[in-house]
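Colleague: Read off the chains here:
4 protein chains.
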Amino acid sequence: MKVRLIIMLKQGVLDPQGKAINHALHNLSFEEVQDVRVGRVIDLEVTETSSEKAKARATEMAQQLLANGVIEDFQVEVLT
Amino acid sequence: MKVRLIIMLKQGVLDPQGKAINHALHNLSFEEVQDVRVGRVIDLEVTETSSEKAKARATEMAQQLLANGVIEDFQVEVLT
Amino acid sequence: MKVRLIIMLKQGVLDPQGKAINHALHNLSFEEVQDVRVGRVIDLEVTETSSEKAKARATEMAQQLLANGVIEDFQVEVLT
Amino acid sequence: MKVRLIIMLKQGVLDPQGKAINHALHNLSFEEVQDVRVGRVIDLEVTETSSEKAKARATEMAQQLLANGVIEDFQVEVLT
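Top line first, the protein sequences correspond to chains A, B, C and D.
Per my numbering, the first sequence starts with residue 1, numbered consecutively.
Per my numbering, the second sequence starts with residue 1, numbered consecutively.
Per my numbering, the third sequence starts with residue 1, numbered consecutively.
Per my numbering, the fourth sequence starts with residue 1, numbered consecutively.
These aren't lab readings, by the way, just hints derived from the structure by calculation.
Here the structure is a predicted model, which is why all the values come from computation and not from measurement.
Do not take every clue at face value.
A few chain A residues that face chain B, going by a derived Cβ cut-off under 8 angstroms, partial list only [what the hints assert, rightly or not]:
hint : residue
1    : H26
2    : G39
3    : R57
4    : L66
5    : V70
6    : D73
7    : V76
Listed next, the in silico DSSO-like pairs over lysine-lysine satisfying Cα-Cα at most 27 angstroms (straight line) [unchecked claim]:
hint : chain 1 : residue 1 : chain 2 : residue 2
8    : D       : K55       : B       : K19
9    : C       : K55       : C       : K2
10   : D       : K55       : C       : K19
11   : A       : K19       : D       : K55
12   : A       : K53       : D       : K2
13   : C       : K53       : A       : K19
From chain A, some residues computed to sit far from chain D (all C-beta separations above 10 angstroms) [as the list claims (entries may be wrong)]:
hint : residue
14   : Q17
15   : N27
16   : L28
17   : E31
Glycine is no exception: its CB is placed at the ideal position from the N, C-alpha and C atoms.
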């Protein structure tokens with residue numbers, strides 16, 4: 001089973017990498033872009049076969065190791 | 001409308017950040033983890049209102065600027 | 001002239017990527033490692049020929065675009 | 001003792017994050033910028049007290065875990 005963690009800076013936290021991409025896209029005439037936020041994605045291949053359990057475990061991994069809860073939010077998705 | 005780009009190293013390309021996370025998770029007794037791949041996520045807020053067009057434009061952004069087609073693959077998702 | 005920006009999370013800010021690498025290195029028997037911090041490096045090739053001016057300009061770039069002053073610190077080095 | 005690893009994409013490998021920053025800086029009138037390359041920095045606090053040994057060990061860490069030798073180059077610096 002494959003589980004995906006999406007880790008982004010919290011909404012209020014300034015994101016310089018997103019800002020740079022926003023400028024660059026405008027420079028290339030992608031003028032429909034209003035805001036850009038950049039994050040990390042972590043795809044986990046796990047032996048777990050229950051979606052519920054796999055999500056719960058990935059949530060623990062994020063909380064214990066992979067995300068900084070003070071400045072980052074995360075989402076968990078089961079891919080397969 | 002919000003569009004998400006997920007950019008990962010291609011399957012054959014060694015991913016040292018994923019490897020480090022895999023080791024660290026084993027170290028913390030998340031033994032169900034077999035493989036980890038790390039990538040970038042880029043969330044784009046766009047004025048475009050058609051999902052089809054928004055996806056097509058995000059694909060162009062990835063090809064022209066945001067992904068390295070030689071070593072990276074990308075996916076486009078419409079979030080809202 | 002080449003100028004290097006080193007951007008790191010401020011000392012008090014939890015660094016999950018550093019923590020994961022620390023665990024992984026212990027797992028591989030690099031037991032001398034006590035702490036790991038991860039950051040971004042941005043190398044800028046500029047036409048400027050004065051070191052002083054190149055550093056001052058790179059500082060402006062970091063402040064205006066490349067670093068988040070609330071959670072990140074940066075250093076500027078002239079490489080050549 | 002503190003050791004710094006600087007990991008960059010090899011010279012021939014396209015760097016989309018650097019390209020985006022280059023565009024963004026031009027957009028903000030930093031016109032002296034000709035090229036931008038982005039990399040990772042990993043600062044290691046180690047108990048080792050010999051600079052030579054600390055560098056040798058950090059080199060092993062990069063080779064075994066932290067860098068992808070096919071697409072990335074790395075440098076080791078002793079900071080303190």
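Colleague: Each hint: holds or not?
Modeller: Results for each hint:
no. : hint          : verdict
1   : H26           : violated (11 angstroms)
2   : G39           : holds (4 angstroms)
3   : R57           : holds (7 angstroms)
4   : L66           : holds (7 angstroms)
5   : V70           : violated (20 angstroms)
6   : D73           : violated (12 angstroms)
7   : V76           : violated (13 angstroms)
8   : D:K55 x B:K19 : holds (22 angstroms)
9   : C:K55 x C:K2  : holds (10 angstroms)
10  : D:K55 x C:K19 : holds (21 angstroms)
11  : A:K19 x D:K55 : violated (36 angstroms)
12  : A:K53 x D:K2  : violated (40 angstroms)
13  : C:K53 x A:K19 : holds (25 angstroms)
14  : Q17           : violated (7 angstroms)
15  : N27           : violated (4 angstroms)
16  : L28           : violated (7 angstroms)
17  : E31           : holds (13 angstroms)
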